[in-house]
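Number of protein chains: 6
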Amino acid sequence: MSSRVDDFQAFRKKMNDRILGADNRAIKRFFAVDTLTYEPGKLDVRTKEMLGLVASMVLRCDDCVSYHIHQCVKAGVTDEEFFEVFSVALTVGGSIVIPHLRRGVAFLDELREKKADDE
Amino acid sequence: MSSRVDDFQAFRKKMNDRILGADNRAIKRFFAVDTLTYEPGKLDVRTKEMLGLVASMVLRCDDCVSYHIHQCVKAGVTDEEFFEVFSVALTVGGSIVIPHLRRGVAFLDELREKKADDE
Amino acid sequence: MSSRVDDFQAFRKKMNDRILGADNRAIKRFFAVDTLTYEPGKLDVRTKEMLGLVASMVLRCDDCVSYHIHQCVKAGVTDEEFFEVFSVALTVGGSIVIPHLRRGVAFLDELREKKADDE
Amino acid sequence: MSSRVDDFQAFRKKMNDRILGADNRAIKRFFAVDTLTYEPGKLDVRTKEMLGLVASMVLRCDDCVSYHIHQCVKAGVTDEEFFEVFSVALTVGGSIVIPHLRRGVAFLDELREKKADDE
Amino acid sequence: MSSRVDDFQAFRKKMNDRILGADNRAIKRFFAVDTLTYEPGKLDVRTKEMLGLVASMVLRCDDCVSYHIHQCVKAGVTDEEFFEVFSVALTVGGSIVIPHLRRGVAFLDELREKKADDE
Amino acid sequence: MSSRVDDFQAFRKKMNDRILGADNRAIKRFFAVDTLTYEPGKLDVRTKEMLGLVASMVLRCDDCVSYHIHQCVKAGVTDEEFFEVFSVALTVGGSIVIPHLRRGVAFLDELREKKADDE
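Protein sequences, first through last, are from chains L, R, X, V, W and U.
Mind the numbering: the first sequence is residues 1 to 119 in my numbering, read in order.
Mind the numbering: the second sequence is residues 1 to 119 in my numbering, read in order.
Mind the numbering: the third sequence is residues 1 to 119 in my numbering, read in order.
Mind the numbering: the fourth sequence is residues 1 to 119 in my numbering, read in order.
Mind the numbering: the fifth sequence is residues 1 to 119 in my numbering, read in order.
Mind the numbering: the sixth sequence is residues 1 to 119 in my numbering, read in order.
These aren't lab readings, by the way, just hints derived from the structure by calculation.
Fair warning: there could be bad hints in the mix.
Identical copies carry no separate label here, and so any pair may be met within one copy or between two of them.
Only pairs whose alpha carbons sit at most 25 Å apart, straight line, appear in this in silico DSS-like list of lysine-lysine [as the list claims (entries may be wrong)]:
hint, residue 1, residue 2
1, Lys13, Lys114
2, Lys74, Lys115
3, Lys42, Lys115
4, Lys42, Lys74
5, Lys114, Lys28
6, Lys74, Lys114
7, Lys115, Lys14
8, Lys13, Lys42
9, Lys13, Lys74
10, Lys14, Lys114
11, Lys28, Lys115
12, Lys28, Lys14
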């Protein structure tokens with residue numbers, strides 16, 4: 001059981017509902033495009049989610065990093081693969097990425113533990 | 001009563017006093033320019049604060065977003081107008097803006113509730 | 001007659017056609033959201049284009065700045081209003097915005113001259 | 001034959017030699033890490049280069065985008081795959097990415113033409 | 001005694017150990033380059049740490065700001081010098097830097113108090 | 001004689017005059033703060049200009065990098081010191097800084113040649 005993972009998902013869901021409920025057409029369509037982007041195409045979900053993860057890391061958005069780490073875990077990305085994605089983010093984005101890397105790895109570890117607890 | 005709104009304002013005030021008290025001329029003048037920028041001119045305060053808000057959102061600074069949301073509320077920006085400002089931020093800045101949008105909308109809702117409580 | 005303005009628009013049009021012709025659904029829908037965002041709503045086109053301009057300036061994208069300056073000119077934004085938008089961008093984004101401000105103002109001046117020549 | 005591609009590579013090579021010749025240890029080792037990052041590991045070169053490309057696009061660096069597009073072409077990335085990488089960059093990074101997308105696609109087209117000419 | 005300072009350092013140490021333990025060569029070498037960069041050369045540690053601090057401030061990374069403030073304190077940077085570094089960050093990076101300046105100054109004050117308590 | 005250096009300075013001067021001539025008070029005062037920031041204080045001009053340079057490099061603004069390189073040259077920064085400043089920018093900001101490093105070093109070399117020619 002991991003409160004950080006659960007809290008993050010609860011706030012995310014609550015606020016997404018609030019935002020989409022405001023009924024602004026451009027915002028609603030943006031969210032639809034966001035979903036469409038990660039659907040399988042010539043590239044599979046796994047690759048697309050790794051792309052979303054590295055983009056989130058270099059732009060240094062903790063919530064986006066957490067979200068894509070979760071999607072990557074679901075898509076079967078292994079720890080060794082994760083660290084290769086992280087190394088691209090670190091090299092491209094520089095040491096400024098390190099604090100986000102620390103929090104991202106902590107989140108990944110919580111997810112792995114949570115899954116082990118659930119089994 | 002909303003602790004997040006109050007805490008934010010108390011820390012902001014305390015640290016601004018501390019920073020200006022350090023008596024660095026360039027920093028003091030920068031703060032004066034910052035105030036001057038949002039004074040009414042050919043554009044009214046309302047428009048200028050919406051400009052400050054969208055700029056803060058695409059640069060993804062939660063405290064700046066909170067501050068300008070508060071100023072916009074004082075200047076009479078409606079919820080529908082807020083969401084149009086948010087849609088520009090989201091389209092220009094991308095999905096990386098979404099976590100800041102979530103926290104911004106949560107802050108806006110707290111402000112509206114706090115105001116209703118105070119009345 | 002201003003070659004910078006014309007060249008910019010020709011390249012922009014050619015490449016947008018090329019990109020949309022590639023027939024990627026997520027990209028096509030993103031472009032549609034981008035158009036939708038600036039349509040008049042509770043905020044008029046003029047205000048929305050000023051929002052797009054300030055967002056582009058603090059993110060320091062010359063082409064986006066040029067584009068929104070052009071849209072603002074069409075929507076009747078005056079020079080004094082432009083400089084108030086620029087002052088928000090400068091204060092929020094810092095001196096790093098200045099080179100983009102220089103090129104933006106040069107573009108604005110070319111547009112005004114071109115329009116005077118066309119009349 | 002494409003002068004933009006050739007000019008870019010000539011300047012890149014000349015300046016890399018100049019920089020490494022300055023004999024600053026931290027800079028030389030950084031360049032070595034940069035090379036190491038894209039070597040095949042659990043992820044293949046193709047995937048790593050797509051990661052480098054999407055990271056470069058959301059950080060909006062034209063030269064980095066050109067470089068990784070070239071590496072992706074060498075690794076066999078198809079046009080449809082390229083546009084899926086671009087769609088992730090566009091959704092995550094927003095419309096501010098579009099000018100870089102235009103120049104990236106123009107560079108890709110030059111590369112494809114140059115290769116066709118060379119055959 | 002300052003819990004924020006201690007908590008920050010404990011999490012930083014724990015996660016750095018975790019990350020380096022994952023044994024990704026590119027990441028380990030990046031961390032080595034990061035250390036090498038701040039070793040004394042033609043510029044002394046004091047100057048290099050001030051460079052690291054201003055870079056972290058304009059990129060708006062609180063953890064990096066805290067880290068370099070700590071290193072600067074160890075290298076003997078005075079409060080007046082700190083505020084001159086901050087003024088460069090503020091002017092270059094704009095008002096968007098202010099929230100990070102507030103948290104940075106609060107961290108600096110905690111460090112100074114902690115040191116006074118320890119003596 | 002170096003046209004890139006001269007062109008840059010001529011455009012910079014022309015547009016600064018144009019911008020300040022527009023008589024927007026907030027913008028004029030911002031430019032005054034910008035000048036004040038780099039005046040000697042507890043830190044000398046040399047150190048302040050190196051701070052301005054590293055900040056410009058990690059924010060990846062070629063014109064700002066060129067400007068501060070020129071100021072650093074005037075303040076007597078040596079090539080070895082320049083490369084140590086560059087190494088901080090590269091480590092903090094990542095490989096995305098490299099294209100700006102290339103152009104910055106090319107500009108520095110032009111300045112050194114121009115000065116040698118003038119003597």
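Within, between, both or neither, where Lys74 and Lys115 count as close if Cα-Cα is 25 Å or less: Classified as within; 11 Å inside a copy, 39 Å across copies.
Alpha-carbon proximity between Lys42 and Lys115, which holds within one copy, between copies, both or neither at 25 Å: between (30 Å within a copy, 23 Å between copies)
Tell me, please, which holds for Lys14 and Lys114 at an alpha-carbon limit of 25 Å: within, between, both or neither? both (22 Å within a copy, 20 Å between copies)
With identical chains, the pair Lys13 and Lys114 could be close in the same copy or across copies; at 25 Å between alpha carbons, which is it: within, between, both, or neither? The answer is both: 19 Å in one copy and 23 Å across copies each meet 25 Å.
Give the relationship of Lys28 and Lys14 under a CA distance limit of 25 Å: within one copy only, between copies only, both, or neither. within (15 Å within a copy, 29 Å between copies)
Within a copy, between copies, both or neither: where do Lys114 and Lys28 come within 25 Å Cα-Cα? neither (32 Å within a copy, 28 Å between copies)
Check Lys42 against Lys74 for me: Cα-Cα at most 25 Å, and say if that holds within a copy, between copies, both or neither. For Lys42 and Lys74, both the intra-copy (19 Å) and inter-copy (18 Å) Cα distances are at most 25 Å.
Within, between, both or neither, where Lys74 and Lys114 count as close if Cα-Cα is 25 Å or less: within (13 Å within a copy, 40 Å between copies)
Checking Lys28 and Lys115: alpha-carbon separation at most 25 Å within a copy, between copies, both or neither? neither (32 Å within a copy, 28 Å between copies)
Up to 25 Å between alpha-carbons, please classify Lys13 paired with Lys42: within, between, both or neither. Close neither inside one copy (29 Å) nor across copies (27 Å); limit 25 Å.
Between Lys115 and Lys14, at a C-alpha cutoff of 25 Å, which is it: within one copy, between copies, both, or neither? For Lys115 and Lys14, both the intra-copy (23 Å) and inter-copy (22 Å) Cα distances are at most 25 Å.
Reference check for the pair Lys13 and Lys74, CA-CA at most 25 Å: within, between, both, or neither? Classified as within; 18 Å inside a copy, 29 Å across copies.
Violated hints for the displayed structure, listed by number in ascending order: 5, 8, 11.
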